[in-house]
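> When you get a sec, could you build the whole thing from the sequences and use the hints?
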Amino acid sequence: RCVYIASDSGRVCRPLVIADKGVSRIKERHIKELKDGLRDFDSFLQEGLIEYLDVNEENNALLGRLDTLIYLLVYPQRPLLTTRTIELVGYDKLGAGQNATVAVMSYSGYDIEDAIVMNKSSLDRGFGRCIVMKKLSAVYQKYENGTEDRIIRPHREGHDADRMQILDDDGLAAPGEIIRTDDIYINKESPVITSSRSSISPKGLPNSAYKPSRQVYMGPKGETAVVDRVALFSDKSNNKCFKFMIRHTRRPEVGDKFSSRHGQKGVCGTIIQQEDFPFSERGICPDLIMNPHGFPSRMTVGKMIELLGSKAGVSSGKFHYGSAFGEQSGHADRVEAISETLVKHGFSYNGKDFIYSGITGMPLQAYIFMGPIYYQKLKHMVLDKMHARGNGPRVMITRQPTEGRSKNGGLRVGEMERDCLIAYGTSMLIYERLMISSDPFEVQVCRKCGLLGYYNYKLKTGICSKCKNGENISSMKLPYACKLLFQ
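For what it's worth, our numbering labels the leading residue of the sequence shown as 30, then goes sequentially.
Treat the hints with caution; some may be incorrect.
With a straight-line cut-off of 30 Å between C-alpha atoms, the simulated DSBU-like cross-links for lysine-lysine are [stated by the list, open to error]:
hint	residue 1	residue 2
1	Lys408	Lys272
2	Lys414	Lys286
3	Lys240	Lys163
4	Lys122	Lys265
5	Lys294	Lys164
Each pair of labels, with its calculated beta carbon distance range [unchecked claim]:
hint	residue 1	residue 2	range
6	Asp83	Arg30	20 to 28 Å
7	Leu63	Ser38	13 to 21 Å
8	Arg447	Val118	49 to 57 Å
9	Val221	Phe70	47 to 55 Å
10	Glu252	Arg30	46 to 54 Å
11	Gly66	Ser326	52 to 60 Å
Since the hints were made in silico from the structure, they are not lab data.
Where is the CB? At the ideal position from N, CA and C, for every residue including glycine.
Written as structure tokens, this is what we have:
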């Protein structure tokens, strides 16, 4: 019978700093007095600088909290093999993964370099499925001249009607609606003139005095999401704020990252139909196949013990302890005892099974180490990282493609890539990558003085500014960044 007192920063009952319009009441002098011993912690409570929230206030404080990005596993499970430390920190109470039946073998060549071969039927049943929740926010702005943004009813007809299907009559996206990329979730308009110098009266502005400033959802292409929650608040400047929680369910695909609890991370290399997967003589088909070359150099012996312990746990119907050193405290099981449990239930002493090929139906030439291992789905998903571009925006100064996935930028051919292409001898590929596909620019060059000229559209000829004629002008193409450097 113990009383557990949580003293960490994330505990439910904790002191919070009181802020007036976003500015803390605690000043630098209060902290200095506390350090010098002139005041104590209780004086902060008595003067109303900090307070402990009660149960009702806790709920009110959490109403406005919408996390920027959350990943939720749909079917979390408790690990079959645990340790005393895991129980003490409560990790097994809030599961972060699933018990996957793993076969340690090489299969199809798509499992090289820690890649994982996954069973399609397991994915259909919900293995590794997760919900991604993202926050979208917008501010109802007030301006210097007294004008402010306005939200109007959506147009049910017209060229933008399809993008406004999710909007309610109040101009905001309705909870429960399916939202796609390029959909409008706030039908907002902003005043054209916002300067305080203008003599426009903020009241009764005509429709012509407003311009559209709609909030558009920009999610991964091909992804459909659901508006989970809509909340309205005021910020410290007393502007209205709109927060939307967008929910999307994702199933694992090729390129998603998974990891066991031993740091053995790897991406999904391929997804194969269950009928082509190997199976044991008991008819057990693995959920995923892992390459055995991940074990020798990394020496993750704990993962092997976990497979044995989990297999014994499934057979005997109880959780096993995988703590290091099989002490007699009851909080650790020796490997020998685990192996004896396996033998008692008809399995091999070392956890290996007799496996048949799913393609030929013939037995494999080796016994396969197979059993349950606790696998976690990581947040690194291919849908968030995949990027390609044919054409798109360019930088104004250099006229080259923008940089970065968020700006729909180009894929950079850097110095090292250029050196590889030079060594290989692909001169036309270098020409195409570094100029044609980047920033080609036609210039007029004087053959006499070598300086850049300009093109006179009236005379339809090139002119050299120094020679004052167009007799020796030739036109040529070069990268715009090169021309920028010269001039």
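> Each hint: holds or not?
Hints, verified against the model:
{"no.": "1", "hint": "Lys408 to Lys272", "in the structure": "holds (23 Å)"}
{"no.": "2", "hint": "Lys414 to Lys286", "in the structure": "holds (12 Å)"}
{"no.": "3", "hint": "Lys240 to Lys163", "in the structure": "holds (28 Å)"}
{"no.": "4", "hint": "Lys122 to Lys265", "in the structure": "violated (38 Å)"}
{"no.": "5", "hint": "Lys294 to Lys164", "in the structure": "holds (28 Å)"}
{"no.": "6", "hint": "Asp83 to Arg30: 20 to 28 Å", "in the structure": "holds (27 Å)"}
{"no.": "7", "hint": "Leu63 to Ser38: 13 to 21 Å", "in the structure": "holds (18 Å)"}
{"no.": "8", "hint": "Arg447 to Val118: 49 to 57 Å", "in the structure": "holds (51 Å)"}
{"no.": "9", "hint": "Val221 to Phe70: 47 to 55 Å", "in the structure": "holds (54 Å)"}
{"no.": "10", "hint": "Glu252 to Arg30: 46 to 54 Å", "in the structure": "holds (51 Å)"}
{"no.": "11", "hint": "Gly66 to Ser326: 52 to 60 Å", "in the structure": "holds (56 Å)"}
Violation of the numbered hints given earlier is confined to hint 4; every other hint is satisfied by the structure.
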